[in-house]
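Visitor: Work the whole structure out from these sequences, hints included.
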Amino acid sequence: MNTRWKAVSAAIAVSLSMTAVAQQIQVIPNYQKDNAWYTEAQTRLSEKEVTNNQFKAKNVIVFVGDGMGISTLTSARILKGQLNGQPGEEEFLAFERFPRTALVKTYNVDAQTPDSAGTMTAMMSGLKTDVGVIGVNEQVQRGECSTSKGNEVATALELAEIKGLSTGIVSTARITHATPAATYAKSADRNWEDISDMPESAINQGCKDIADQLVNFETYLEQRYTGIDVDGIEVVLGGGRRHFLPKDESFNSPDAGSAVEGDRTDSRDLTSEWQERYADGVYVYDQAGFDSLDTASTNKLFGLFNESHMQYEADRDNDIAGEPSIEQMTETALNILKKNNKGFFLMVESGRIDHAHHAGNAAGALTDTLAFEAAIKSAYENTDPEETLILVTADHGHVFTIAGYPKRGNPILGKVVNVGSEEPAEAADGMPYTTLGYTNGRGFMNLATETNSDVAYTMDIDTGRKDLTGIDTTSAGYHQEALIPLSSETHSGEDITLHATGPGSQLVQGVVEQSVVFHIINQALGLLDE
Amino acid sequence: MWKILSILIIAITSTQVSAQSCDALWLTADYDIKHSTQAGNEQHTKMTVWRKPEHVAHQYAQTQITEMWQFVRQGMLKPTRYFDEHKRAIEYQPNELVHGKRETDWSYRNQLVSNQLIDSMNKVDERDSGCMKVVTYKKTLNGNELVLEWLPAYKLPLRFQRKDNQGNSIVWQQQSLTKDSDKVAAFFERRDNYKATDYADIGDDHTDPFLTNMVTQGFIEQGASGFYDTKGRAIKSEHTH
Ligand SMILES: [Zn+2]
Chain A
1 MNTRWKAVSA AIAVSLSMTA VAQQIQVIPN YQKDNAWYTE AQTRLSEKEV
51 TNNQFKAKNV IVFVGDGMGI STLTSARILK GQLNGQPGEE EFLAFERFPR
101 TALVKTYNVD AQTPDSAGTM TAMMSGLKTD VGVIGVNEQV QRGECSTSKG
151 NEVATALELA EIKGLSTGIV STARITHATP AATYAKSADR NWEDISDMPE
201 SAINQGCKDI ADQLVNFETY LEQRYTGIDV DGIEVVLGGG RRHFLPKDES
251 FNSPDAGSAV EGDRTDSRDL TSEWQERYAD GVYVYDQAGF DSLDTASTNK
301 LFGLFNESHM QYEADRDNDI AGEPSIEQMT ETALNILKKN NKGFFLMVES
351 GRIDHAHHAG NAAGALTDTL AFEAAIKSAY ENTDPEETLI LVTADHGHVF
401 TIAGYPKRGN PILGKVVNVG SEEPAEAADG MPYTTLGYTN GRGFMNLATE
451 TNSDVAYTMD IDTGRKDLTG IDTTSAGYHQ EALIPLSSET HSGEDITLHA
501 TGPGSQLVQG VVEQSVVFHI INQALGLLDE
Chain B
1 MWKILSILII AITSTQVSAQ SCDALWLTAD YDIKHSTQAG NEQHTKMTVW
51 RKPEHVAHQY AQTQITEMWQ FVRQGMLKPT RYFDEHKRAI EYQPNELVHG
101 KRETDWSYRN QLVSNQLIDS MNKVDERDSG CMKVVTYKKT LNGNELVLEW
151 LPAYKLPLRF QRKDNQGNSI VWQQQSLTKD SDKVAAFFER RDNYKATDYA
201 DIGDDHTDPF LTNMVTQGFI EQGASGFYDT KGRAIKSEHT H
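Protein chains in written order, with our numbering: chain A, 1 to 530; chain B, 1 to 241.
It cannot be assumed that every hint is accurate.
Stated by the list, open to error - Here are the simulated lysine-lysine pairs, DSSO-like style, with alpha carbons at most 27 angstroms apart: (1) K377/A with K48/A; (2) K46/B with K133/B; (3) K58/A with K339/A; (4) K247/A with K87/B; (5) K138/B with K208/A; (6) K195/B with K149/A; (7) K338/A with K56/A; (8) K58/A with K407/A; (9) K123/B with K87/B; (10) K208/A with K195/B; (11) K34/B with K155/B; (12) K56/A with K377/A; (13) K247/A with K195/B; (14) K247/A with K52/B; (15) K247/A with K183/B.
Simulated from the structure, these hints should not be mistaken for lab results.
Guide: Now the structure itself:
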């Protein structure tokens, strides 16, 4: 008892003397105090001491990296540094410098490892729901139209519309895909992207396909709440033309990838329905149309740049008609949305990080992550930090790891070279191994310069250890080894991150349920105030 | 034996269609694929080629899998794989010109033998004429002896044989060739109505029993289609990948 008191008082004495007579005692030696890591960390901390006590924002931008788990962030940041000729580990992705971060629990009501439909519904609507359903609560039975009636939930985008803000959705996936759809649609099944994807019974019971719900968003929202008058979503940019066009060759776009591009069996051309509805709106489907946009005079924009998902960033130049980058789409969306004095709500999804991971191609996932980072950086630089809350998050992670004991600066896509060595380290089986790997999936593939991750699906599953001697694992087409053979690599169940800057970002802290994201948006925009 | 049978069938069917042209569109051709080993083991597989303009399908009745390629534009083919038993399809993106290591050669999928391979072979015989003209080509490729009996009018092999120097061989033997556009159209339409999943979306739906089943089936069995060498690589030309 006595000794403990002594120790405590001694510690107090030391700390007092540190502040009072630090110069004399020099507890921290100069080589510690002047160390770059030490001073840099002190500077970062000081920056964070400057707090913004404003909690209300005029605008909110939510960036969702589909499948962008923590290991993806770490390896993308290292790749970014290495592409700049640095060792890489010390680099930050632009949004990793945002002052506030939280860990987010991603599970769905009925699933330990979640999918995008359930997770994005949580972020957009403030409650957790089942896997595979969009904009409806857990009372729904997946695939059963009748069970969705009366269980539809309101989203941040809808509430922003009702409040009179401008709204926008940007995605590199099909715009009817789970993540973007959860901002505007209600569906008992994420796969009901157009009428041909729906069972007869669901159509008869009056359920609408997701593409129809996007184009008729204004009508359906006004029907749901009597007495409201909204003007519809201002900006919609992404892929997925096939769900908006009739199954008829004569409706093909110039860069159609199929003999018949459209999938709709109800003969409706939703792109022209949208144009009829918004006479001053602009519909674009290629890079040329996108480039010729005048955002000053355009108030409604609808862009569908691919029959299905847009190209991977690494593949973008190979598209026939050309596709804008996620950064270009974000910039254009902001230029249009910013014109509303009341403010705006924008959701931007990088949809293909997820797909490259599913295909087991780390290079593809990291390249799309860096393209996504560029979009976030540009949005941050082109909005007023005093009035715009920017949230960057993911919906879930992947079974993707950074492992072994590679030395500092070792190529992140390369083979493990131990500290103090120049040669690749050998595993117990006598063969070299990579830092990055997957627990499950299709496994090893050496597709060299192939930038389309999905080519993996035309190859045989080949899991287990391979002799990587003589194989360039840093090439775009290299697919990492995997342990468990599955038709595609899976999502993971661990937490993901939420990074935030701007008014209201102070609430982003701790470990939170994913549904908290909605409440942070709601709080910042005061969506339910009136 | 097979040869004679097949010529007979062709003779009959071409008589039936003699009023029409003997062009290479809207046709169905059945093949027997015989794998024989030096030890005397023999294995037969059946496959059927279905053609309509800018579409070709290879149907494997035994596995109930049909592979289809759409010719989108020069250098771009869009593959679709139909699982006939499940009435489901997996759609792949058309391969871009710069990538198309596997699927840029329309002639290879459409004809089973690529123009490039035919051009590299030596013509050794020619018999019959018109629709029934058969040209025989030979070549030795990486220790394999290739013999092709080619039907130029239909752009399909009548017989294609590959023998390696260990005495193993594969023989593709055409058994019938018919031209019935209604039947062909119905074949493609039935498959077009299957529920299709974009290959990029497979990973997101591990709750779908069909997609989960793909785990064991894989997406492309080695040697399922076209002419492959002993390592399962497509025989297209001397520059195989
Ligand atoms: Zn996914």
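Visitor: Look at each hint and say if it fits the structure.
Guide: Against the structure, the hints come out as follows:
Restraint check for K377/A and K48/A: satisfied, since their Cα atoms lie roughly 19 angstroms apart, inside the 27 angstroms limit. At roughly 24 angstroms between alpha-carbon atoms, K46/B and K133/B fall within 27 angstroms of each other, so this suggested pair holds. A distance of roughly 12 angstroms separates the Cα atoms of K58/A and K339/A; the hinted pair therefore holds under the 27 angstroms criterion. For the proposed pair K247/A and K87/B, the alpha carbon gap of about 19 angstroms is at most 27 angstroms, so the pair holds.
Our distance criterion of 27 angstroms between C-alpha atoms is broken by K138/B and K208/A, whose separation comes to about 60 angstroms. Our distance criterion of 27 angstroms between C-alpha atoms is met by K195/B and K149/A, whose separation comes to about 25 angstroms. Between K338/A and K56/A the alpha-carbon distance is near 17 angstroms, which keeps this suggested pair within the 27 angstroms criterion. At most 27 angstroms may separate the alpha-carbon atoms for a hinted pair to count; K58/A and K407/A exceed this at roughly 46 angstroms.
A C-alpha spacing of about 43 angstroms is found between K123/B and K87/B, which places the hinted pair above 27 angstroms, so the restraint is violated. Pair hint K208/A plus K195/B holds up; C-alpha atoms about 18 angstroms apart against a cutoff of 27 angstroms. Proposed proximity of K34/B and K155/B is supported: the alpha carbons are some 21 angstroms apart, at most 27 angstroms. At most 27 angstroms may separate the alpha-carbon atoms for a hinted pair to count; K56/A and K377/A meet this at roughly 22 angstroms.
With a C-alpha separation of about 14 angstroms, the suggested pairing of K247/A with K195/B holds against the 27 angstroms cut-off. The straight-line distance between the Cα atoms of K247/A and K52/B is roughly 18 angstroms, inside the 27 angstroms bound, and the hint therefore holds. The straight-line distance between the Cα atoms of K247/A and K183/B is roughly 21 angstroms, inside the 27 angstroms bound, and the hint therefore holds.
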